[in-house]
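First residue of the sequence shown: 1, per this note's numbering; consecutive thereafter.
Don't take each hint at face value.
Okay, derived cross-link-like pairs now, BS3-like style, lysine-lysine, Cα gap no bigger than 30 Å in a straight line [stated by the list, open to error]:
#, residue 1, residue 2
1, Lys456, Lys480
2, Lys292, Lys455
3, Lys480, Lys455
4, Lys175, Lys408
5, Lys8, Lys455
6, Lys230, Lys456
7, Lys455, Lys230
8, Lys175, Lys480
9, Lys230, Lys480
10, Lys8, Lys408
11, Lys292, Lys408
12, Lys455, Lys297
13, Lys8, Lys297
14, Lys297, Lys480
15, Lys408, Lys297
16, Lys230, Lys297
17, Lys292, Lys456
The hints are simulated quantities; they were obtained by calculation from the structure and are not laboratory data.
Since the structure is predicted, the reported quantities are computational estimates derived from the model, not experimental observations.
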Amino acid sequence: MAAEKTEKLSLFTKIGFGMGDIYGGGSMVFVGIYYLFFLTDVVRLSPALAGLVVLIAKIWDAVNDPLMGFITDRTRSRFGRRRPYLLAGVVFIFVSYVILWYPIDVESVTARFAFALFGYFFFDAVLTMVMIPYNALASELTLNYGERTSLVSVRMFFSMFSSIVCAVVPMEIIKAVPDVRLGHMVMGVTFGLLFALPYLVTFFTTRERSDFQKEVPAFSFREMYITPFKIRSFVLVLLMYLFSFLSMDIVMSIVIYFMTYYIGRGEETNYVFGALLVMQMLMIPFFYYLSKRTSKKTAFVAALSVWIGVMLFSFAMTPDLHRAIIYIFAALIGASTSGVVVMIYSIFPDVPDVDELVSGARREGTYMGLFVFMRKFSSAFAILLISQAISLAGYLPPESTMVEGVMKTVNQVQSAQFIMVLRVIFAVAPVVLLLACLYFAMHYELSPEVHDRLKKFLMVRRSGEGRATELAGEEAELRKLLV
Numbered sequence: 001m002a003a004e005k006t007e008k009l010s011l012f013t014k015i016g017f018g019m020g021d022i023y024g025g026g027s028m029v030f031v032g033i034y035y036l037f038f039l040t041d042v043v044r045l046s047p048a049l050a051g052l053v054v055l056i057a058k059i060w061d062a063v064n065d066p067l068m069g070f071i072t073d074r075t076r077s078r079f080g081r082r083r084p085y086l087l088a089g090v091v092f093i094f095v096s097y098v099i100l101w102y103p104i105d106v107e108s109v110t111a112r113f114a115f116a117l118f119g120y121f122f123f124d125a126v127l128t129m130v131m132i133p134y135n136a137l138a139s140e141l142t143l144n145y146g147e148r149t150s151l152v153s154v155r156m157f158f159s160m161f162s163s164i165v166c167a168v169v170p171m172e173i174i175k176a177v178p179d180v181r182l183g184h185m186v187m188g189v190t191f192g193l194l195f196a197l198p199y200l201v202t203f204f205t206t207r208e209r210s211d212f213q214k215e216v217p218a219f220s221f222r223e224m225y226i227t228p229f230k231i232r233s234f235v236l237v238l239l240m241y242l243f244s245f246l247s248m249d250i251v252m253s254i255v256i257y258f259m260t261y262y263i264g265r266g267e268e269t270n271y272v273f274g275a276l277l278v279m280q281m282l283m284i285p286f287f288y289y290l291s292k293r294t295s296k297k298t299a300f301v302a303a304l305s306v307w308i309g310v311m312l313f314s315f316a317m318t319p320d321l322h323r324a325i326i327y328i329f330a331a332l333i334g335a336s337t338s339g340v341v342v343m344i345y346s347i348f349p350d351v352p353d354v355d356e357l358v359s360g361a362r363r364e365g366t367y368m369g370l371f372v373f374m375r376k377f378s379s380a381f382a383i384l385l386i387s388q389a390i391s392l393a394g395y396l397p398p399e400s401t402m403v404e405g406v407m408k409t410v411n412q413v414q415s416a417q418f419i420m421v422l423r424v425i426f427a428v429a430p431v432v433l434l435l436a437c438l439y440f441a442m443h444y445e446l447s448p449e450v451h452d453r454l455k456k457f458l459m460v461r462r463s464g465e466g467r468a469t470e471l472a473g474e475e476a477e478l479r480k481l482l483v
């Protein structure tokens, strides 16, 4: 019983940890909504080149992300394995955002492409340096199945609040500045500070487990890149994570084009996203309660099923649809994706426990490195496919014109072919991915009861107590279920 009490985290710690995802959650929404549009309509790169910027950076992530996971697992300092990187991120996050949103204005397409590529490379490197240790920290703060859901729920509150701000405020900053290019620079500085400073709070309000830092794992390419994919629980969670978030990436990347060129209300895009994200945040307590009454898997499947139903309706949307219907549609997506996001991030901290069953080591960083790499690569691949699709469909970028000494942009009328491709990407692609995600979720076996058995087994094995025959029998049963 005493050991169980130590698993309870204070609200102070949960809030401090949660503030770290102001950057993680907000930044992904921010870049997902605005960056492709920024490259095509402000930096004036073709959609094909814009997609290539993101994809090239993600190819490096095949090495970068798992390597960062390995580095943070091996780090030993008086501040722990994860927290030193959060402190270092304070400066680098700010600098990366200033560069990322700098609207370079030169005639050479090659120079614009090279600068955008450098900016995204640097941004992505900083994101890796900070978010992999941050995400790995969640598994160490508590080993309790329910407390992890509580911790992640608080984290998701900050993440989604940040997402709301990032969906609505950037466009308002740009509108408030007469010059669109200067507006993007002001936006970059503002959000660089907003994302960087909370890590000071996270650093000083969290502590790591000293008993997880005793052994330094040796380098092994096989252990870093191959062994995790032999663990069924990891593969299923990874596929659930990728297919659900890939659906979000597609919607976020294409919605500004959908609202601008099909619905004809591009100026309302940030408010539509605001409605989605407000509902997403408000539904966190509901899904936390549902997961406590049932399980994380049940809450995830319920949310996923609602999301599929809502997306099926989207192909019936027309430009003359009443404005209220659009906002209701956005709110329903927000309600369902809330459960998907909260539950998948609650499920992940349980995966390193399964790995400890197999390897006997705590390798949260290695697993998070693979998670983040696969997430970023799939996101980049989705953006590349979307950019290529709209380019092949005949996308016409806005025309620039000088009005009273200020550069303005005017949208061109798009072809019927482009509009049809836009609607298919927005409505059909996410549904196909979500159905696949539902299939993977139904085969995930780490229930609260099984996790409780796993935790007890690991505690006994770490302590050296228990008879060898009993341990061997329990280990075999757990491996059959989870590995």
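Right, here's what the structure says about each hint:
1. Pair hint Lys456 plus Lys480 holds up; C-alpha atoms about 17 Å apart against a cutoff of 30 Å.
2. In summary, the hint linking Lys292 to Lys455 is supported, as the alpha carbons are separated by about 18 Å, within the 30 Å threshold.
3. This hinted pair checks out: Lys480 and Lys455 have alpha carbons roughly 16 Å apart, not beyond 30 Å.
4. Among the hinted pairs, Lys175 with Lys408 is consistent with the structure: their alpha-carbon atoms are about 12 Å apart, no more than 30 Å.
5. In summary, the hint linking Lys8 to Lys455 is supported, as the alpha carbons are separated by about 15 Å, within the 30 Å threshold.
6. Among the hinted pairs, Lys230 with Lys456 is consistent with the structure: their alpha-carbon atoms are about 23 Å apart, no more than 30 Å.
7. Restraint check: the Cα-Cα separation between Lys455 and Lys230 comes to about 21 Å, which is no more than 30 Å; the hinted pair holds.
8. This hinted pair does not check out: Lys175 and Lys480 have alpha carbons roughly 58 Å apart, beyond 30 Å.
9. Only pairs whose Cα atoms come within 30 Å are accepted, and Lys230 paired with Lys480 is accepted, the gap being roughly 13 Å.
10. This hinted pair does not check out: Lys8 and Lys408 have alpha carbons roughly 55 Å apart, beyond 30 Å.
11. Annotation: proposed proximity of Lys292 to Lys408 is violated, straight-line Cα distance about 53 Å (limit 30 Å).
12. Simply put, Lys455 and Lys297 have alpha-carbon atoms about 18 Å apart, close enough for the 30 Å limit, and the pair holds.
13. Taking the CA atoms of Lys8 and Lys297, the gap is about 22 Å. The hint holds against a cut of 30 Å.
14. With a C-alpha separation of about 19 Å, the suggested pairing of Lys297 with Lys480 holds against the 30 Å cut-off.
15. A distance of roughly 49 Å separates the Cα atoms of Lys408 and Lys297; the hinted pair therefore is violated under the 30 Å criterion.
16. As the CA atoms of Lys230 and Lys297 are separated by approximately 21 Å, the hinted pair is consistent with the 30 Å bound.
17. Taken as a hint, the Lys292 and Lys456 pair is honoured in the structure, with Cα atoms around 20 Å apart against an allowance of 30 Å.
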